[in-house]
Amino acid sequence: MTEELTPVPEDLSFGAALAELEQIVKALEGGQLELEDSLARYERGVSLLRACRAKLGDAQQRVTMLIGELEDEESE
Amino acid sequence: MSLVRTVPPGPGWGAKSLSDAVPALSVSDAMRLAKRALEQLSLRVVGEVSECTVKPGYKAVYFTVRDEYAVLPCLMWRDAFDACGLDLRPGMLVEASGSFTAYAPKGRMQFQVRSLNPAGEGVLRLQVAALARRLEAEGLMATERKRPLPAFPRKIGLVTSPRGKAVHDVIRTLCRRYPVAELVIAGVQVEGEGSVAAIVRGLQTVADHPGVDVVILGRGGGSYEDLMPFNAEEIARAIAACPVPVVTGIGHEPDDSIADMVADYRASTPTAAAESVAPARDEIAERLDAAARLLGRALAHSVRERAHHLRLLAQRPVFRDTACLLSARMQSLDFTAEALNRALPESLRLSQDALARMRDAMGRSASHLLDPHAARVDASRTRLSAGGMRFLERGERSWDLCAARLEDLSPLGILQRGYAVCYDETGSRVVRSIEDVRSGDRVRVRLASGSLGCLVEDARTES
Chain X
1 MTEELTPVPE
11 DLSFGAALAE
21 LEQIVKALEG
31 GQLELEDSLA
41 RYERGVSLLR
51 ACRAKLGDAQ
61 QRVTMLIGEL
71 EDEESE
Chain E
1 MSLVRTVPPG
11 PGWGAKSLSD
21 AVPALSVSDA
31 MRLAKRALEQ
41 LSLRVVGEVS
51 ECTVKPGYKA
61 VYFTVRDEYA
71 VLPCLMWRDA
81 FDACGLDLRP
91 GMLVEASGSF
101 TAYAPKGRMQ
111 FQVRSLNPAG
121 EGVLRLQVAA
131 LARRLEAEGL
141 MATERKRPLP
151 AFPRKIGLVT
161 SPRGKAVHDV
171 IRTLCRRYPV
181 AELVIAGVQV
191 EGEGSVAAIV
201 RGLQTVADHP
211 GVDVVILGRG
221 GGSYEDLMPF
231 NAEEIARAIA
241 ACPVPVVTGI
251 GHEPDDSIAD
261 MVADYRASTP
271 TAAAESVAPA
281 RDEIAERLDA
291 AARLLGRALA
301 HSVRERAHHL
311 RLLAQRPVFR
321 DTACLLSARM
331 QSLDFTAEAL
341 NRALPESLRL
351 SQDALARMRD
361 AMGRSASHLL
371 DPHAARVDAS
381 RTRLSAGGMR
391 FLERGERSWD
401 LCAARLEDLS
411 PLGILQRGYA
421 VCYDETGSRV
431 VRSIEDVRSG
441 DRVRVRLASG
451 SLGCLVEDAR
461 TES
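In order, the protein sequence lines correspond to chains X and E. Be aware that the first sequence starts at 1, since it is given in this note's numbering, and climbs by one per residue. Be aware that the second sequence starts at 1, since it is given in this note's numbering, and climbs by one per residue.
In case anyone wonders, no lab produced these hints; they're calculated from the structure. Since we're looking at a predicted model, the values are computed, not measured. Don't take every hint at face value.
Stated by the list, open to error - With a straight-line cut-off of 20 Å between C-alpha atoms, the simulated SDA-like cross-links for lysine to any residue are:
1. X:Lys55 - E:Ala290
2. X:Lys55 - E:Pro279
3. X:Lys55 - E:Arg172
4. E:Lys155 - E:Pro243
5. X:Lys55 - E:Met261
6. E:Lys155 - X:Glu10
7. X:Lys55 - E:Ala285
8. X:Lys26 - E:Leu299
9. E:Lys165 - E:Ala267
10. E:Lys146 - E:Ala285
11. X:Lys55 - E:Pro179
12. X:Lys26 - E:Glu305
13. E:Lys165 - E:Asp226
14. E:Lys146 - E:Ala241
15. E:Lys155 - X:Leu66
16. X:Lys26 - E:Ala292
17. E:Lys146 - E:Ala132
18. X:Lys55 - E:Cys175
19. E:Lys35 - E:Lys106
20. E:Lys155 - X:Gln60
21. X:Lys55 - E:Glu286
22. X:Lys26 - E:Ala291
23. E:Lys59 - E:Tyr103
24. X:Lys26 - E:Ala300
25. E:Lys155 - E:Ala272
26. X:Lys55 - E:Asp213
27. X:Lys55 - E:Arg287
28. E:Lys155 - X:Glu69
29. X:Lys55 - E:Ala300
30. X:Lys26 - E:Ala285
31. X:Lys55 - E:Pro150
32. X:Lys26 - E:Arg293
33. E:Lys155 - X:Gly15
34. X:Lys55 - E:Phe152
35. E:Lys155 - E:Pro279
36. X:Lys26 - E:Lys146
37. E:Lys165 - X:Leu70
This is chain X alone, in the form it adopts within the complex:
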C-alpha cells in the first residue's frame, strides 16, 4: 500500500470513498494479504468508513441558485 500517495478519505467524494471501502473489504475477505498489509488496509477501511458516515450524517443539503430566485412553495 502506498499510503502517502492515497488521498485522505475526507478529500474523496462519497462515491469514491464507498467504492474503496468495499474494495478493501473484498481484499481482506480474500485472505491473500500479508498481515502488515491486512492491518494497513483495515486502518484505511476504518478511516474511510468514518469519513463516509460523517459525510452522510453531517450533510446539509447545499442549494445553489445559478439562475432565478427560489420562491416558497406557498407562493404558487
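Assemble chain E onto chain X, guided by the hints.
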C-alpha cells in the same frame, strides 16, 4: 366509401339483380343492414361543436359537430366522455375518434365518439409525432446513446421553474435521500413565450457548472399545451448535447414528451427524477454497516488464521526440545576435539625438529654474514683519520697568516710608525677636533712608548 363498393357495378344490371334475387326487406331489417355497414367505418373527424347536451343522469352526451357545409350528429357514452375530461362547449374545435352508427327508432345516422380532444392539440400532436420520427431517424433516441446515471453524484443540476411544487419536491427528496450531493438550480420559465430558450440556457448553465455530474429537467403536471415546450427541437438537441446524463421528470402526462424520449432516463415526476439520481440514505447506511461488520470480521479472521498457524509451528519438535536442534552439532564437536588431541603431539614433535635444524643452519651462516662488513669498516676508519690530519694542517697555516695581518692593523703598530693619539685630560675620550678643546685645557698625548701630559696654548684651523 365501402358502402359504395358493395353496390354491384352497372346501374341496369345491379337494379335488376337486386329486385329479382332478394325479396324486399322490412324497415327494421333495412336499418339493421345500414347500421352494420355504417359501423365498419372508423375514423377521426375534426369539426366545430354546435349544439351539445350534457345532462347528468343521461347515459350519453349528445352534440353535433359541423363545418361550413355539413353537420354530423354525435353521441358519446358517459364513461368515455368523463374519461376525456373535456369541458365541451359550442364553438369549440374538436377532434372526435369513433365510428358511424344508426339509431333505428328515429331513422337517424350518428357518429359514436370514443375519444374526444381539442382539435388544436390534435394538430400539435401530429407535429410532435413528426418531429419525434425525425429525431429518432437521426438516432437521438437510440438506446446506445443513453448514459448510465452516476451512482453517487457530487453535484446535481436542476432545471425547472423556481416557483411551484416541482422544485421543492426535488429539494425535499434529495434532502431526505442523499444530502451529500450539492444541488445546483437554474430556475427558469417553463411555459409560454420564451420558455424554450430559457430551458436551453438553463440546461447549458447547470451542465457547465463545475462538478455537476447529472441534470434533472423537471416540470409539474399540466395540459398538453402547457407541456409543449418540452416537445421543442431545441430542447431535444440541448439534452442530446449535454455532457452529463439528463433525467426528465415532466408532469403526469401519459404521453412521453420529446424531451423524455431523448433524455438518458425518463422519470414520471420531478420527485421520481430526484429519486432516480440519488441513492437512498438508508440503503447507504446499510451498506456502510455491512462494510464495517465485514471489515472487522475479515481482519479478525486473518489474525486468527495466523495465530493458528503460529501455534502449529510452535508445536514442532525443534521448538519443544532444544537439545535435538543441537545434538548433531554437539556430537561433531566431540569428534573434532578427539581428532585434535590425537593430532597435536605428533604435530609438536615435527615442529621441534624443524626448529633445531634451523638453529644449526643459522649458526653456520652468521660469521660469513659479518666478514665483508668488518673489512668495509676498517677501510672507512683509515680514510677518515687521513682526512682529519689534512684538515688540521690546513688550519694551522691559515692561523699564522691571520696573526700577522692582525699585527699590521693594531693601533699600536701605527704609533710605532710615529703617529700620536690626543686624549682629553681624563684619557678616556680621543680629541678629534679643535672644537673639542680650548686654550688652557690639559690633554694627554699617547705615543708608542708612553704618554705626555700637555697644555693647549691655542687651537688653530689647518689652512
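Legend entry - List of violated hint numbers, smallest to largest: 5, 10, 29, 36
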